[in-house]
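Participant: Its first residue numbered 3, the sequence shown is counted upward by one per residue in our numbering.
In case anyone wonders, no lab produced these hints; they're calculated from the structure.
Keep in mind that a hint or two might mislead.
Below, in silico cross-link-like pairs of lysine to aspartate or glutamate (EDC-like), each with a Cα-Cα straight-line distance of 16 Å or less [to be verified]:
id : residue 1 : residue 2
1  : Lys273    : Asp261
2  : Lys38     : Glu77
3  : Lys62     : Glu16
4  : Lys62     : Glu77
5  : Lys282    : Asp253
6  : Lys85     : Asp120
7  : Lys282    : Asp223
8  : Lys197    : Asp239
9  : Lys262    : Glu207
10 : Lys197    : Asp253
11 : Lys273    : Glu77
12 : Lys262    : Asp196
13 : Lys62     : Glu46
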Amino acid sequence: PTLASSSADPFHQELPVPALETTEFYHKVNPSFPTKSTPMECLEFFAKTLSTLGFQYSIKEHWTIAVTGLLCVEEVQFSIQLKQDVDNLIVDFTLEQGCERNFLRLFDIVRHLARSLDAQPLPTTSFVPSMEWLDVDSMPELFPGSSHVSATTLLEYCEEYLQLADDATTTSSTRGDASRLEMAACIKNACLSDKNRALVVASAELAGAFGSALYRMAQDDQLSIVRFAVFILSLFDVSTLVALAAHLQVDGGMLSVLDKMETHDPIPKMKSIAASVRTKLVPSN
């Protein structure tokens, strides 16, 4: 994490906690909760928690933390700012960039971890989030079986992405970039289910298209798609990767992508994922 303060204390703030403006309640995506802790305790706690989650963060002025987090490797940028209400200190979350649904789930995750600070903890009789909901690497099913796709559908995802990647070599457009990102996300989300991953091993045709799509995703000029490819590889165990080795093209290009991500990706979580994939792929190469 980077720090805004030049003081020896990385959490030092020159100014008092700003007052909460009532009009701020009308922010479109602006969840918050009151805390019983001191401002300094809050900054220190959230810094530790964000590090545990593998998020990138920096301490800013005005009791603010700028955060970039990943939910299933989809990037969300938000801020956490402390504000003083009449009776309580308020922990105020504001979405800066990314999917609103993912941001609200990240808020749930962070608030759950911060329940010792919460002045109004959710009662045990209310909705209790599942461990899957609180896992930043999972995508809970809307209903049992909703995440499952057929081998035909997964093959179509891979072939569609490959076609879009081929088109991008001759025509560059924002629309084309968005389409590739959407299709790559479909492949990534499908691979979250172990049953869907088993389909890849069971079909030589699907394994071939899947391996080609992953390789092209790892070479894409959109960082989000490259992250998807590396994350997908991390979901497979070593024995499965060995079985798919003929289709995955684990060559110098792929290893170079992993090395670059492990060294230079700004988000610690992604660095650790790339490192774990390298330990799986190198022995099987």
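Participant: For every hint, state whether the structure bears it out.
Facilitator: Now the hints, each set against the structure:
1. With a CA separation close to 9 Å, the supplied pair Lys273 and Asp261 stays within the 16 Å bound.
2. Straight-line distance between C-alpha atoms of Lys38 and Glu77 comes to about 30 Å, which puts the hinted pair past the 16 Å bound.
3. For a cut-off of 16 Å, the pair hint linking Lys62 to Glu16 stands: about 11 Å separates their Cα positions.
4. Proximity of Lys62 to Glu77 is assessed by CA-CA distance (about 20 Å); at most 16 Å being required, the pair is judged violated.
5. At roughly 14 Å between alpha-carbon atoms, Lys282 and Asp253 fall within 16 Å of each other, so this suggested pair holds.
6. Between the alpha carbons of Lys85 and Asp120 the distance comes to roughly 14 Å, so the proposed pair stays at or under 16 Å and holds.
7. Using a Cα cut-off of 16 Å, the hinted pair Lys282 and Asp223 is violated, with the two alpha carbons roughly 24 Å apart.
8. As the CA atoms of Lys197 and Asp239 are separated by approximately 14 Å, the hinted pair is consistent with the 16 Å bound.
9. Taking the CA atoms of Lys262 and Glu207, the gap is about 31 Å. The hint is violated against a cut of 16 Å.
10. Of the supplied pair hints, the one linking Lys197 and Asp253 is violated, its CA atoms being roughly 27 Å apart against a limit of 16 Å.
11. Among the hinted pairs, Lys273 with Glu77 is consistent with the structure: their alpha-carbon atoms are about 14 Å apart, no more than 16 Å.
12. At roughly 28 Å between alpha-carbon atoms, Lys262 and Asp196 are farther apart than 16 Å, so this suggested pair is violated.
13. Restraint check for Lys62 and Glu46: satisfied, since their Cα atoms lie roughly 13 Å apart, inside the 16 Å limit.
Hints 2, 4, 7, 9, 10 and 12 from the earlier list are contradicted by this structure; the remaining hints agree with it.
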